Amino acid sequence: MAPRLKLFLPLALFAILALLLFRGLELDPREMPSALIDKPLPEFSLPQLGRENLITRADVVGEVALFNVWATWCVSCRVEHPYLQLLADSGVPIYGVNYKDDDAAALKWLQDLGDPYRANIVDAQGGLGLDLGVYGAPETYFVDASGVIRYRHVGIIDEQMWQTRLAPIYRELVQEAGQ
Amino acid sequence: MRFGGINKAMVFCCALMLAAAASGVIETYEFSTPQLQERYQLLSAELRCPKCQNQNIADSNAPIAQDLRRLLYEQLEEGASNDEILDYMVSRYGEFVRYRPAFDRSTAVLWLAPVLLFLAAIVVLFLSLRRRQGESAASQANLSDEEQQRLQQMLSQSEQDT
Chain A
0 MAPRLKLFLP LALFAILALL LFRGLELDPR EMPSALIDKP LPEFSLPQLG RENLITRADV
60 VGEVALFNVW ATWCVSCRVE HPYLQLLADS GVPIYGVNYK DDDAAALKWL QDLGDPYRAN
120 IVDAQGGLGL DLGVYGAPET YFVDASGVIR YRHVGIIDEQ MWQTRLAPIY RELVQEAGQ
Chain B
0 MRFGGINKAM VFCCALMLAA AASGVIETYE FSTPQLQERY QLLSAELRCP KCQNQNIADS
60 NAPIAQDLRR LLYEQLEEGA SNDEILDYMV SRYGEFVRYR PAFDRSTAVL WLAPVLLFLA
120 AIVVLFLSLR RRQGESAASQ ANLSDEEQQR LQQMLSQSEQ DT
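First to last, the sequence lines map onto chains A and B.
Following numbering that gives the first Met the number 0, the numbering of the first sequence begins with 0 at its first residue and continues without gaps.
Following numbering that gives the first Met the number 0, the numbering of the second sequence begins with 0 at its first residue and continues without gaps.
No lab work stands behind these hints, which were simulated from the structure alone.
Hints should not be assumed to be uniformly reliable.
[Said to hold, decoys possible] With a straight-line cut-off of 27 Å between C-alpha atoms, the simulated BS3-like cross-links for lysine-lysine are:
{"no.": "1", "chain 1": "B", "residue 1": "Lys50", "chain 2": "A", "residue 2": "Lys5"}
{"no.": "2", "chain 1": "A", "residue 1": "Lys99", "chain 2": "A", "residue 2": "Lys38"}
{"no.": "3", "chain 1": "A", "residue 1": "Lys99", "chain 2": "B", "residue 2": "Lys50"}
It should be emphasised that the depicted structure is a prediction, and the values quoted were computed from it without experimental measurement.
Generate the whole structure from the sequences, applying the supplied hints.
As structure tokens, then:
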């Protein structure tokens, strides 16, 4: 019996390999855990888009908020923009990090497409992006009421993504803060 | 008219090739000492581009890789040590940015798998060799004189048949 069963060994190995590869199809290699999860939002003092003043970490911390890294050169950002507007209209505080962008182009974008952001931090050199561990746009960071980064989402936010994955995270943070 | 079209196409192709060559150029940095340059090359080969995951930052043309190279240059010129630079990168992008990540729970499999697989291979090899040796010894030992004789007979017969 045993030697006969041994004949099935290659088949079993193949089945295991196929299973692993099949699982691999669904994994997104870009979905890496951020190194900044559970770390405080980095300090910054940068110009505010469309204003004369500087905006600092102290200005944006204090309630649960989303930090959305965007730029006019980023095509996917245009795709997610309408949904960000919907979220903002429903009361989700969103701050923009205008990443390595041109101020005039960014202002025109907000004028043409609408402005879902509480305020926009101008990160022309990408320094804040570097501190956040940004490697592309769009990326969205969930920051809790005490200013700690709790979640990072890479890629666009759309209805499905928000409802299935992100809304529960956001709600939990809001509950935690008792807002 | 037809030739004109072909010529235009050829010029266009040549222009495309030139464009590819031009965009392949990666910025150069002037280092104050050759040692810094050496360390720059070493570190930029060891740091992995977060965006294009199978390239190091020396090879990648992604904007984030350019940023990291500039950062690396600045930190080297400021006199940071290799460990300081790697820590800086890891604190922002995670162990992922290093091609040789530090040994911890999540990278243990990565570091230990080759050794374990090698040891497993040696064990399998050893066992199968021993079994084979045992089998051949056993097959000889199990034949009685009579059987041995029959075997010889059969062998000589099959030789005659061929």
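In ascending order, which of the hints set out earlier in this document are inconsistent with the structure?
1
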